[in-house]
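Using the sequences and the accompanying hints, generate a full structural model.
As given, the protein sequences belong to chains A and B, one line each in that order.
Sequence positions in the first sequence follow this note's numbering and run 1 to 241.
Sequence positions in the second sequence follow this note's numbering and run 242 to 479.
These aren't lab readings, by the way, just hints derived from the structure by calculation.
Check before you lean on any hint, since a few could be wrong.
Far from chain B by the CB rule (all over 12 Å, computed), these chain A residues [said to hold, decoys possible]:
id : residue
1  : ASP10
2  : THR83
3  : PRO89
4  : ALA146
5  : GLU174
6  : GLN199
7  : GLY202
Simulated crosslink set (DSS-like; lysine-lysine; CA at most 30 Å straight-line) [claimed, not checked]:
id : chain 1 : residue 1 : chain 2 : residue 2
8  : A       : LYS234    : B       : LYS413
9  : A       : LYS100    : A       : LYS222
10 : B       : LYS247    : A       : LYS229
11 : B       : LYS442    : B       : LYS387
12 : A       : LYS27     : A       : LYS217
13 : A       : LYS234    : B       : LYS476
These numbers were taken from a predicted model, which means no experiment stands behind them.
Don't be surprised by glycine CBs; every beta carbon is placed ideally from N, CA and C.
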Amino acid sequence: MIEKPVLIRDDGLRHDGRRPDELRPIKMQVGILKNADGSAYVEYGGTKVVAAVYGPREVHPRHLALPDRALIRCRYHMAPFSTSDRKSPAPSRREIELSKVIREALEAVIFSELFPRTSIDIFIEVLQADGGTRTTGLTAASLALADAGIPMRDLIAGVAVGKVDGVLVLDIDELEDEYGEADMPIGYAASIDEIMLLQLNGVLTLEEFRRAIELAKEGARKIYDQMKKTLHDKYLKIIEK
Amino acid sequence: MSSQLKILVADRQIVRPGDILAIVEQKIRRPSYNPEKHVYIYEDKIISAVLGLASVNDNDISVIPLEGRYFPRVGDTVIGLVVGVGITNWLLDIRAPYKAVLNAGEVIENFSPITTNLRDYIDVGDYIVAKIAVFDRTRDLLLTVKGKGLGKITEGIVIEIEPSRVPRVIGKKGSMLNLLTSKTGCNILVAQNGVVWIRCKDERSSEVAVKAIRLIESRAHMRGLTEYVRMFLDKELA
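Take a look at the structure:
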């Protein structure tokens, strides 16, 4: 067994030099894929994710079509080269579950009843994993949906809060997740102030949980602002050209 | 939305899903979506549901989407590509999430499936200008070709554009389309599903018309686009 690394240094900073309430450097781009109706690329530090959206389109196989709304399908997948040990490309138990929770978060914002008997297909591909892949994936999927022109109540920004060495920290990475005491990813729609995804792995006291939610919302708001800016800039760039 | 609005955005400003556009006086519990305006009301706010441009018209606000596929509406003029021939109908791809059906009785008088072969009239690969006759969301949509200017396309060229750019190619009260037709001398039909049919006297003008339409498509959100296109056309046709 490898010895546990120092997660919170003596100066109060984290192992990578971040403050407890500091996000990793975030990069975003939309409209990166030509063949998809909408697409996005998002980086949270070392975590890199591509999302693509197709639809509304005809449902195949036909019997899956819903008479009153669009069928939303979501595939979260990690590339075999995304981790240090090769990951089998077949969908694992974990990936199937994450596909479901991300889909349910997005279903809550999409006006799916406008497109009966159609499907909206979301593909999330993790290119490089360094913790927080589901939240990065959710952010990317939300951007790709907006880029595809699908009506939604709001954008969703994903971010995780963790507890490492007894300290609540924002946007935890792989190392902090592995050796920390708790990991709580959330999906937050800032404009309408609603939480669309909430999971918790580990143990938090009620007081810690309350503080964690506030910390996560604050971080998500920063990501949300960047998402809005990214969508805005896509068009600004073309105007300047 | 009859009461006074407090509008928070400028006309032609880029808006995104979740952007608050205006505040209304009365509160509404359930989010209600307005499909024509691409906005929804939540509590006392009018919020954009799509990525688009805000359109402010004294005491009314809507969003013109910049992205998105074509979604059919009854009465729309569309150009469809024939993808299948049945015994009593044709199947058309109109770039919508649903298959479109054109019944043989629409095209052929006293149609009888025993004596006529539908391929003699319209075959796979033909483009048809049609109107959406019936679309009730529970069945595939029905087309009609009864009407002025509807029917099979036999000349000219057909190009595809982003369906969300159609309003810009047509312009306010058809201003952009008028500019294109008058400058190039071409006959241009912009179908609601983003298919454009161009008939010109010579190759040069059709080339310019296509270039101009591509220009409008790529700069759909630019201010003063009509002037820009006018200059482009003058330069190209000089």
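Hint check results:
Here A/ASP10 stays apart from chain B, with its beta-carbon at least about 42 Å from theirs, past the 12 Å limit. No beta-carbon of chain B is positioned within 12 Å of the beta-carbon of A/THR83; the least distance is around 33 Å. Residue-level check passed: A/PRO89 sits 30 Å from the nearest beta carbon of chain B, beyond 12 Å. Listed as a non-interface residue, A/ALA146 fails to keep its Cβ farther than 12 Å from every Cβ of chain B; the least gap is roughly 5 Å.
No beta-carbon of chain B is positioned within 12 Å of the beta-carbon of A/GLU174; the least distance is around 30 Å. Every C-beta of chain B lies more than 12 Å from that of A/GLN199, the closest at about 23 Å, which supports listing it as non-interface. Against chain B, the non-interface label of A/GLY202 holds: every CB pair exceeds 12 Å, the least being about 31 Å. Of the supplied pair hints, the one linking A/LYS234 and B/LYS413 holds, its CA atoms being roughly 24 Å apart against a limit of 30 Å.
With a CA separation close to 26 Å, the supplied pair A/LYS100 and A/LYS222 stays within the 30 Å bound. A threshold of 30 Å between alpha carbons decides the hint, and for B/LYS247 with A/LYS229 the separation of about 24 Å falls inside it, so the pair holds. About 27 Å separates the Cα atoms of B/LYS442 and B/LYS387, which keeps this hinted pair within 30 Å; it holds. Our distance criterion of 30 Å between C-alpha atoms is met by A/LYS27 and A/LYS217, whose separation comes to about 19 Å.
Our distance criterion of 30 Å between C-alpha atoms is met by A/LYS234 and B/LYS476, whose separation comes to about 29 Å.
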